[in-house]
Amino acid sequence: MKNIESSYLQPTETPLNQPATEHIEDATAIMKIQQPSTIKTIPLEQSSDEKPVVGVDVSSIRIGETETGILCAIRGAIVWKEKKRYKYQRIGPFPFHITEQNKNEIYKLFRNHHFEISEDPRAPSIINIQARIGNLLERWLQLGISCSTYDAIILWDGSMTAGMADSPVEEMSRLLDIARNRLSIVLAFSKNTTLRFSGHKLTDYAEKSEPPCLLQINGFPLSSGPMLLLGDVYVAKLTPGVCSFRLDIDRKVPQERGIEAVQSLLGSDLLVQSYPETLRLAHIFSTFTATEVIGIQRFIAHQHGLKIVTRPNVRRMLFGPFGKGAEG
Amino acid sequence: MRLYKKEGNSLQILSAPNDDVEKGDYLIVEDAMVNRKLITQVIDVQFASVPGLLEELLRDSTTEEQIYGENFDPLGVSSHINNIQDARMLICKIRGTILNDKLRVNSSWLPSRSKSGITKISINSLLAHARGKEDLSINIGETKDASPLNITAHDLDGRLNIITGKKGTGKSHLSKLLVLGLVDYRATVVVLDLNGEYGGLGFSAKGEGNKYSGRVQVLTPGANFRVSLSQMGLSVILKIMIHALGLPGTSTREFKHIWKTLSQQRKFTLQDLGDAIRKCSCNMHVRDALFSRYYSLVNSGFFTDDEESATSFEKLFEKTKKDGGALVIDLKDVSSVDRQIVLEYTLGVLVKILNQWKIKSVFLFAEEAHLYLRETYWEDIVTRMRHFGLFTNFVTNQPDTIKENIYRQADSIFLFNFTNERDLETVSKAARVDAETVKSIAQELPPHHCLLIGKAVKDFPVMVKVRALDIKTMGQTRLFFTDNQGSSSHPNYAYN
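Protein sequences, first through last, are from chains A and B. One rule links them: number in this note's numbering = place in the first sequence (from 1) + 62. One rule links them: number in this note's numbering = place in the second sequence (from 1) + 128.
There could be a bad hint or two in this list.
[Unchecked claim] BS3-like, lysine-lysine: derived pairs with alpha carbons at most 25 Å apart:
| hint | chain 1 | residue 1 | chain 2 | residue 2 |
| --- | --- | --- | --- | --- |
| 1 | A | Lys369 | B | Lys243 |
| 2 | B | Lys230 | B | Lys243 |
| 3 | B | Lys294 | B | Lys531 |
| 4 | A | Lys369 | B | Lys133 |
| 5 | A | Lys102 | A | Lys314 |
| 6 | B | Lys567 | B | Lys295 |
[Claimed, not checked] A few chain A residues that don't get close to chain B, going by computed Cβ distances all over 12 Å:
| hint | residue |
| --- | --- |
| 7 | Arg152 |
| 8 | Leu171 |
| 9 | Ile188 |
| 10 | Gly225 |
| 11 | Ser235 |
| 12 | Leu284 |
| 13 | Gly303 |
| 14 | Arg360 |
| 15 | Arg377 |
[What the hints assert, rightly or not] Simulated restraints on C-beta separations:
| hint | chain 1 | residue 1 | chain 2 | residue 2 | range |
| --- | --- | --- | --- | --- | --- |
| 16 | B | Leu185 | A | Val231 | 42 to 48 Å |
| 17 | B | Asp188 | A | Ser210 | 24 to 30 Å |
| 18 | B | Asp214 | A | Ser286 | 36 to 42 Å |
| 19 | B | Tyr132 | A | Val231 | 40 to 46 Å |
| 20 | A | Glu162 | B | Met161 | 38 to 44 Å |
No lab work stands behind these hints, which were simulated from the structure alone. No residue lacks a Cβ here, since even glycine has one placed at the ideal position from N, Cα and C.
Model the full assembly from the supplied sequences, consistent with the hints where possible.
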């Protein structure tokens, strides 16, 4: 963001109500289980074999608009638990000014930096690019973790579905291969899943299960169009409570080792409502608060001499208190 | 700084953490488009209510206690985020407006929120706008911006002032400073010194004589302050008998009769008065009542039949007329009944002398006056005696002992620290300032700092650090645990 060719910055309205974009997880494809399948409950036991646990998450948020484009910011957080202590590294925030003129350049820069594939990508529309560069940063951080940890449990926020623009099959496989070669295992937790079985949401099947347990879903298609599942899909109910999550475990890891990894997670990390604390903290540390959004707006206005202006809200002008929903 | 909100005469100003603004400071909100300025005073500094701040703090508190880590922020955005977290809201009170360089007491004008500039203004430049008479200045101390703050003797002339604050905050010290300031301009001051604190006014901290030596006279009742009956008119002795000694109505009538008989015979000794009561053909109970009061007068030691040794205020005031001076009536070792006798006499004689125009006026400084002034005197002093030229300055650490109507009539209040809400509630009844200002600022005043309210500061409440005086410290609390080495070898300038 060296130069901004604009004289004003129109801040995003009510930043508190604007949720930061979730990365990776939103990209989970809609896949239907077509053939008859079975569900197997795998009871778990907490393992005394304590392992390092590393979680990663990235958030992005729209900061405002200029005459020529949009302003957004991304931030990543890595949290790891080692010897009963949580540690974190926050990367960012990085503000971006994305215009029609520079969007290809920014996207290419991110993609080529993170991925080894050489194909020339087409940048998405300005509306979607914020989520895309967030995803690319998250993949880059995941790569860094895969390369730097050994015999650890690596937690991803999202699924192991590959084949989309920001999760090419080759790159996703490479991430998992590197981790596997360093005796680490990747566990991907999805807070929301679109997967359904017999008309019910996948996670609903764990309601009556006795925790800690995994529900193994058999009969999933490995691929659907360009998309490929790189992990075995489970429903994880690790603690008592109402929550359960879709859990993807690297398909190339023997099933027993995958289950052992989950049992190690039970003994190595704090779990609240079946969700690992390390991943929860990573989410908290990456998410933008309203104060931070205002601070970033100030930073941009200050650094680039932009005047902050607030354009009238057409929806509010027209409909008053009835003007709900997104602007447009 | 940006103007955020105006409600009534309150203003809220958004301020960055690095803006050097504190409670008590004055700000000018200038709307250049209309050439008008709003004068406001900061009465409280709060954190700005920023959305999402709670989440932020909760996250950070988790971080600090259990989680260790670092932030990689190459662009330095965090400093801007911290700025938002630390943003402050200045709660201000509007004190007036400046239109074409003329000060007006008006808070109805609303400056532009988007175009107004806000700057800090020094107290002295603010007071310069409101300045009246410049001569006879008395330096009180220094303001927060380290510039000297002067009031003028005119600000105390003909006025009712109250000096109040909790124990040990510096009330008596300021009172001494004002006494000496008035004496500098040849005023006559009478101090009712309850704790024997003012005796050192004529001496430097080292115990040597100072420039006030010849002009400060300490009168100790029963010692160098004794009076004869002949100096007293009927009205003064009646006040003593009724108010100080509680003589009932029937006995008072008899006493009047005895006094008139004695005055016709020009017999004014204590002996004559005793004989007259003894010979009086009145009811036995009345005689007993008169005798008991008579012996109270005799035993007080305040009365003498020796005209030569009797103290004459008229003569004392003759001296002060030329160079000014302070008469300190030391009430330290005087019993409460005797104290009331002395006070009834003193005030009675003062009014008499002032009524006869023998002196122009007297500045009276009364410490903890509720201990010796009867109820009816308060209003008398504030309303009637002011017209005779008796200008009162009350000094108290119990503000609720002064009646509300006196606060309402006070021209200036020198307010020291109070932490008790009830005390502040009492003081806030003063008509010259809003309750919020009093409560908010006075609670955080450090020792020897006071908030000046009222005419002395042209109705712009000002915080001031009272200057030290080179006078001998008297009336200090006697301590058991004292550092002898430390206390005896450093006769520094006093803050007592």
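Legend entry - Interface exclusion of A/Arg377 relative to chain B, criterion Cβ beyond 12 Å: 20 Å, holds
Inset, instruction - Please confirm whether A/Ile188 is truly not at the interface, meaning its C-beta sits more than 12 Å away from all C-beta atoms of chain B. - result: 22 Å, holds
Inset, instruction - Check the non-interface label on A/Arg360: least C-beta distance to chain B beyond 12 Å or not. - result: 5 Å, violated
Inset, instruction - Please test the hint of 24 to 30 Å on the beta carbon pair from B/Asp188 and A/Ser210. - result: Hint holds: Cβ distance 27 Å, inside 24 to 30 Å.
Inset, instruction - Could you check that no beta carbon of chain B comes within 12 Å of the beta carbon of A/Arg152? - result: 5 Å, violated
Legend entry - Non-interface claim for A/Gly303, where every Cβ of chain B lies beyond 12 Å: 21 Å, holds
Inset, instruction - Test the statement that A/Leu171 is away from the interface with chain B: the closest C-beta pair must be farther apart than 12 Å. - result: The claim stands: A/Leu171 keeps its Cβ more than 12 Å from every Cβ of chain B (closest is about 16 Å).
Legend entry - Supplied distance hint 38 to 44 Å, evaluated on CB atoms of A/Glu162 and B/Met161: Holds - the Cβ-Cβ distance for A/Glu162 and B/Met161, about 39 Å, lies within 38 to 44 Å.
Legend entry - Minimum Cβ-Cβ distance from A/Gly225 to chain B exceeds 12 Å: Holds, because the least Cβ-Cβ distance between A/Gly225 and chain B comes to about 31 Å, which exceeds 12 Å.
Legend entry - B/Lys567 paired with B/Lys295 [C-alpha distance capped at 25 Å]: 17 Å, holds
Legend entry - Pair hint A/Lys369 and B/Lys133, alpha-carbon separation not exceeding 25 Å: 22 Å, holds
Legend entry - Pairwise hint evaluation, A/Lys314 against A/Lys102, where the allowed Cα distance is 25 Å at most: Status holds; Cα separation ~20 Å.
Hint violations for this structure: numbers 7, 14, 18, 19, all remaining hints satisfied.
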